[in-house]
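Asks: Sequence:
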Amino acid sequence: MFKLSFFLIFVFAGLCFVVSSEDGSSSGSEASSGSSGAGTGTTKTPIEQLNSSIPDFVGDYQQKKSLVSTLVSNCDKRNEKSATAASRSLPTEVITKPPSSAVNLESLDFKNCTYVCKPPNNETTFMMHMPEGTVCDVNKKTCPESGPCPTPPIPAC
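According to mature numbering (1 follows the signal peptide of the UniProt record, and there is no 0), the sequence shown holds residues -21 to -1, 1 to 136 in order.
Think of the hints as simulated: they come from the structure by calculation, not from any bench.
Quick caveat: nothing in here was measured; it's all calculated off a predicted structure.
Don't take each hint at face value.
Mimicking DSS-like on lysine-lysine, the simulated pairs with C-alpha atoms at most 27 Å apart in a straight line are [unchecked claim]: (1) K23 - K44; (2) K120 - K56; (3) K44 - K56; (4) K44 - K119; (5) K56 - K90; (6) K90 - K119.
Just the calculated beta-carbon pair ranges, DEER-fashion [unchecked claim]: (7) T24 - K97: 14 to 22 Å; (8) T121 - K44: 17 to 25 Å; (9) E102 - D39: 29 to 37 Å.
Note that the Cβ used here is the ideal one computed from N, Cα and C, for glycine as well.
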């Protein structure tokens, strides 16, 4: 009788384990083994993020990295201009570098030569125009000072 009850407890415990495994919950080792290919951007390396978000007509990895750096610095410059006089520090205080803005790589719109900046401290995001001279299409057209990427002329018959 003792052997039968021990066997039944063992079977029920096994069934509970199988049911919990089928419902999608997993241990840490199972979760890390198969999720490297279909991430939403959080598990990608910086090279993968740049290569998937910025078209190849911009250039190689270094040129893409330089473009993103320029976009972030332009966001920071705009934030500095909008800073108020109340945020100035006293000469006796230690001056630290303010947090940097972020650029949403998914929002890069080369057709319209625009991108979205996210200022630090959860402020409202805003759209900016890409710098003049930024390559914006496969024909090596560049962004003007304002407005969308120039469209190539329609060939005449």
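Asks: It remains to establish, for every hint, whether it holds in the given structure.
Replies: Against the structure, the hints come out as follows:
1. A C-alpha spacing of about 15 Å is found between K23 and K44, which places the hinted pair at or below 27 Å, so the restraint holds.
2. Between K120 and K56 the CA atoms are separated by roughly 26 Å; this keeps the pair inside 27 Å, and the hint holds.
3. The straight-line distance between the Cα atoms of K44 and K56 is roughly 18 Å, inside the 27 Å bound, and the hint therefore holds.
4. Simply put, K44 and K119 have alpha-carbon atoms about 18 Å apart, close enough for the 27 Å limit, and the pair holds.
5. Note on K56 and K90: the hinted pairing holds, with a Cα-Cα distance of about 24 Å set against a maximum of 27 Å.
6. For the hint pairing K90 with K119, the CA-to-CA distance comes to about 12 Å; that is within 27 Å, so the pair holds.
7. The hint said 14 to 22 Å for the Cβ distance between T24 and K97, and at roughly 21 Å that hint holds.
8. Range check, T121 to K44: Cβ separation about 19 Å, and the 17 to 25 Å hint holds.
9. Here the CB-CB span from E102 to D39 is close to 33 Å, well matched to the stated 29 to 37 Å.
Every hint, counting from the list given before, is met by this structure.
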